[in-house]
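Listed below, chain by chain, are the residues.
2 protein chains.
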Amino acid sequence: MLQKTNFFVYPNLTPKDSLFVIQNAVAKQSVLLIVGNCRVDYEGRASSKLDWGERLVMIKSDRSILIHRSTGYEPVNWQPPGCIIQTELVSGIDLKIRAIRSQPRETLEILFDELSLVTILNLVDKGAFSLYVSEEDIKKSIMLRPSLIEENFRCIIDEKMQPTGFIDIFGVDEEGNPVIIEIKRGTVRKEAVIQLRGYVEPLSKTNPKIRGIIAAPKLGKGIKPLLDSMNLEYKRINVKKCAEILKRSEGSKISDFFTKPKS
Amino acid sequence: MLQKTNFFVYPNLTPKDSLFVIQNAVAKQSVLLIVGNCRVDYEGRASSKLDWGERLVMIKSDRSILIHRSTGYEPVNWQPPGCIIQTELVSGIDLKIRAIRSQPRETLEILFDELSLVTILNLVDKGAFSLYVSEEDIKKSIMLRPSLIEENFRCIIDEKMQPTGFIDIFGVDEEGNPVIIEIKRGTVRKEAVIQLRGYVEPLSKTNPKIRGIIAAPKLGKGIKPLLDSMNLEYKRINVKKCAEILKRSEGSKISDFFTKPKS
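Chains A and B supply the protein sequences, listed in that same order.
When we follow my numbering, the leftmost residue of the first sequence carries the number 249, and every step to the right adds one.
When we follow my numbering, the leftmost residue of the second sequence carries the number 249, and every step to the right adds one.
A portion of the hints provided could be inaccurate.
The list makes no distinction among identical chains, and a pair is therefore deemed to hold if it is satisfied within one copy or across any two copies.
Result set (DSSO-like, lysine-lysine): computed pairs, CA atoms no more than 30 Å apart in a straight line [what the hints assert, rightly or not]: (1) K457 - K495; (2) K264 - K438; (3) K297 - K466; (4) K495 - K483; (5) K453 - K438; (6) K488 - K387.
Calculated from the structure, these hints are not laboratory results.
Chain A with its partners taken away, still in its complex shape (with noise of 0.2 Å):
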């Protein structure tokens, strides 16, 4: 075993000896990275089967596990954190890994029959993750997939341009009503309230169906009660959901998602 202030390793382990050291790195709330031989069970809401390979499986200190092939970006298998981690000896020889999580009922097996290495690491890790999304990246995100506003919003193609400036997006909701949308990549202040109502104000005397949404990740203090006497609405954007849009379209066009209005 080689130890340092912050990682244990374990070559070699029989899935016997192994039992004690992952149920006390699970109690210690480290990170546990298991590699070896096993199958993997899963039975859920849906269920799979992973037949026998060697796999890296990582147990995190809030208890969600992911079993990683030497292949793919994603998981071939995972459960969320929380999850009960049991252990116990199989025919006296494998090792059993139960991860089961109870609201909705999930259970993921793994069954080691040979470990070739249990490494034990505890993290120190307090550093701040920020994430930037400029507003023109907000905007895409939305041409991508109009549901981030509301389901069964459509974007309509033409940048509609008007006297009080540009128009972030134009589109339509479920009802067939128009929806102006203005967007802000920080807080929500006054100025883009006035903003959004400079849009909007003009086009409903024609149609009073109009409708305003500002879209931006947080709202300032006392802006609520400021777009409701407006009239106007507030969305929510969740930057990480538009990085991750962004980064699953690839090289796709933005023209190809625009949805022209029903004639």
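Following the hints, complete the assembly by docking chain B onto the known chain A.
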């Protein structure tokens, strides 16, 4: 350095010494686990910054890269397979790993000032992965996310009972046309087509715009022309996506996700 058939462990490598080890492992398409104190910058269609902390960086055989913190089942940063992996020494003391994706251009930069553990895994894994989803599960998935059928498809709450049997899903499309969906968990055979026709035909007399769709993971041989001849449609269902939808829906009640048709 510990060595077994399928792994190499390098504790406390200096960043300088790690250069060759890492580049060599990437060239040999091994799986690399790098544990150490690092900060991470991502620049792409969004951008992110992760301050200093101890994390696990995983570079897989296909040159996908994942950065895991001690909690959460999702990596804090990642790049898909096929990245260019570059390593360099910064100021003679820190290790920089850069994972570059060209289309779209995205750069993930990891700067380590200390490496606690570098592990190289050579995983032999030919195990087949099989995912099973029941017809009931596919039905639930479609109800949770009707866009699995097509954009703006909506499920209607009342399960219509027909003299010819039970309709799996009854809904309306974007144009307001009624849609009958027959779900199969496996390959679509002739019997399923006959069954669906049995549901659609009596209703088509009063509404010729009614549509019939078979939703299933796979079409049997010769089924496409049969569907065409009966004016029925096929929508391929990705069972993996269904499993994810079910998993993510957690304890939500299915009835929460029905939408009433526009009146």
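Going through the hints against the structure:
1. In this assembly of identical chains, K457 and K495 lie within 30 Å of each other by CA distance neither inside one copy nor across copies; the values are 35 Å within and 38 Å between.
2. Proximity of K264 and K438 under a CA criterion of 30 Å is satisfied in neither setting, with 64 Å inside one chain copy and 52 Å between copies.
3. Taking the closest pair of Cα atoms, K297 and K466 come within 30 Å of each other only across two copies (19 Å); inside a single copy the shortest separation is 43 Å, beyond that limit.
4. In this assembly of identical chains, the alpha carbons of K495 and K483 lie at most 30 Å apart whether taken from the same copy (22 Å) or from different copies (26 Å).
5. In the homo-oligomer, the alpha carbons of K453 and K438 lie at most 30 Å apart inside one protomer (23 Å), although the nearest pairing across protomers, at 57 Å, exceeds that limit.
6. Proximity of K488 and K387 under a CA criterion of 30 Å is satisfied in both settings, with 14 Å inside one chain copy and 29 Å between copies.
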